Structure formats: C-alpha cells, structure tokens
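When we follow my numbering, the leftmost residue of the sequence shown carries the number 1, and every step to the right adds one.
Keep in mind the hints are simulated off the structure, nothing from the lab.
Computed from a prediction, not measured in an experiment: that's the story for all the values here.
Built from N, CA and C at the ideal position, the CB exists for glycine as well.
Heads up, a few of these hints could be off.
Now the in silico label distances, taken between C-beta atoms and shown as ranges [said to hold, decoys possible]:
(1) GLU91 to VAL8: 17 to 23 Å
(2) SER55 to ILE20: 47 to 53 Å
(3) ILE11 to LYS102: 29 to 35 Å
(4) ILE17 to SER42: 40 to 46 Å
(5) ASN54 to ARG34: 18 to 24 Å
Derived EDC-like pairs (lysine to aspartate or glutamate); straight-line CA-CA distance at most 20 Å [claimed, not checked]:
(6) LYS102 to ASP82
(7) LYS101 to GLU48
(8) LYS101 to ASP29
(9) LYS94 to ASP44
(10) LYS102 to ASP114
(11) LYS63 to ASP92
(12) LYS63 to GLU48
(13) LYS101 to ASP66
(14) LYS106 to GLU64
(15) LYS97 to ASP82
(16) LYS106 to GLU67
(17) LYS106 to GLU48
(18) LYS102 to ASP66
(19) LYS96 to GLU64
(20) LYS112 to GLU64
(21) LYS96 to GLU67
(22) LYS102 to ASP92
(23) LYS101 to GLU64
(24) LYS74 to ASP92
(25) LYS96 to ASP82
(26) LYS76 to ASP44
(27) LYS76 to ASP92
(28) LYS76 to GLU91
(29) LYS102 to GLU48
(30) LYS74 to GLU48
(31) LYS112 to ASP66
(32) LYS94 to GLU64
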Amino acid sequence: MKKVKLIVLIIPTLIIISIILLMILNKDDFNSIRGIINLHFSKDNIVEFTGPPNSIYYISRSKENDEPIVQLMKQKGFLQMDHQGASYFFEDGKVKKIITKKIYAKNYLIWKIDSN
1 MKKVKLIVLI IPTLIIISII LLMILNKDDF NSIRGIINLH FSKDNIVEFT GPPNSIYYIS
61 RSKENDEPIV QLMKQKGFLQ MDHQGASYFF EDGKVKKIIT KKIYAKNYLI WKIDSN
C-alpha cells in the first residue's frame, strides 16, 4: 500500500517539474504543447496558439496535410496563390500572406503566419 501512495505522489510531482523545466528552458515548445492540448479538446481541425511576437501560429494534425490552413485562409478571404516547399502564399487582392509549415512531433504541423 505504501508503494501505491508513493507512486501516486511521485508521478504528479514529476509531471509538474517537467512542465516547469519545459517552460523555463523552451517557452516555444511549451506553447506548442498547449496548442496540441487545445487541438485535442477542440472540434476544429486547426487551432491558434501563442508564439513569438510578430507572427500568428496555428497547429493541426499532420495527417490532414495542408487542408486545414487552406480552409482557414479561405474563410478569412484569402486565396492560395502558390506553394513552394514548406511555404504557402495567399492573397486577398490587397494583402499577401506567407505561411510557413514546420513538422512538430511527427504528428502535428505548426503554421506560422508572418504579420506584415
């Protein structure tokens, strides 16, 4: 019985310490993990999350490829003009947006939209 109590105390403590270390050592990874958690609890197939300033960040599942970002930009009034490697180019007639894609933890895609 003492072993069970010890395990019940140790596991949450290790999780909390890991989260704190992750926040201190790499805030970007912590934000990405929060984005993944939000994605799993959302009915949407793409969600926005906090990242470094001057950009907007979204995360989606990699199995859906680029469809979530294309649909999101379409809802915002942008049409996809081109796609080169990990960069996607959108335009709404006045404004041009460049979106870059990064694979994260094999199962997720992080989309970075530079704010111009």
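TODO: Below or equal to 20 Å on CA atoms is what counts here, so check LYS97 against ASP82.
DONE: Within the cut-off at roughly 11 Å; holds.
- [ ] Quickly compare the C-alpha distance for LYS63 and GLU48 to 20 Å and report which way the hint goes.
- [x] 18 Å, holds
Task: 20 Å limit on alpha-carbon distance, applied to hinted pair LYS112 and ASP66 - done: Holds, because 13 Å separates the two Cα atoms, which is no more than 20 Å.
Open item on the list: Between the alpha carbons of LYS102 and ASP92, is the straight-line distance 20 Å or under?
Closed with: Violated: LYS102 and ASP92 sit about 24 Å apart, past 20 Å.
Task: Satisfaction of hint between GLU64 and LYS112, Cα-Cα up to 20 Å - done: Satisfied, since the Cα-Cα distance of roughly 17 Å is no more than 20 Å.
Open item on the list: Given the hinted pair LYS96 and GLU64, is their Cα-Cα distance within 20 Å?
Closed with: This hinted pair is violated, its Cα atoms lying about 24 Å apart.
Task: 20 Å limit on alpha-carbon distance, applied to hinted pair LYS94 and GLU64 - done: 29 Å, violated
TODO: Given the hint that LYS106 pairs with GLU67, test it: the Cα-Cα distance must not exceed 20 Å.
DONE: 17 Å, holds
Open item on the list: Between the alpha carbons of LYS102 and ASP66, is the straight-line distance 20 Å or under?
Closed with: 11 Å, holds
Task: 20 Å Cα cutoff - pair LYS106, GLU64 - done: Within the cut-off at roughly 13 Å; holds.
- [ ] Please test the hint of 17 to 23 Å on the beta carbon pair from GLU91 and VAL8.
- [x] 55 Å, violated
Task: Distance restraint between LYS94 and ASP44, which requires alpha-carbon spacing of 20 Å or less - done: Given that 20 Å is the threshold and the Cα spacing comes to 28 Å, the pair is violated.
Checked against the numbered hints given earlier, this structure breaks hints 1, 2, 4, 9, 11, 19, 22, 32; the rest are met.
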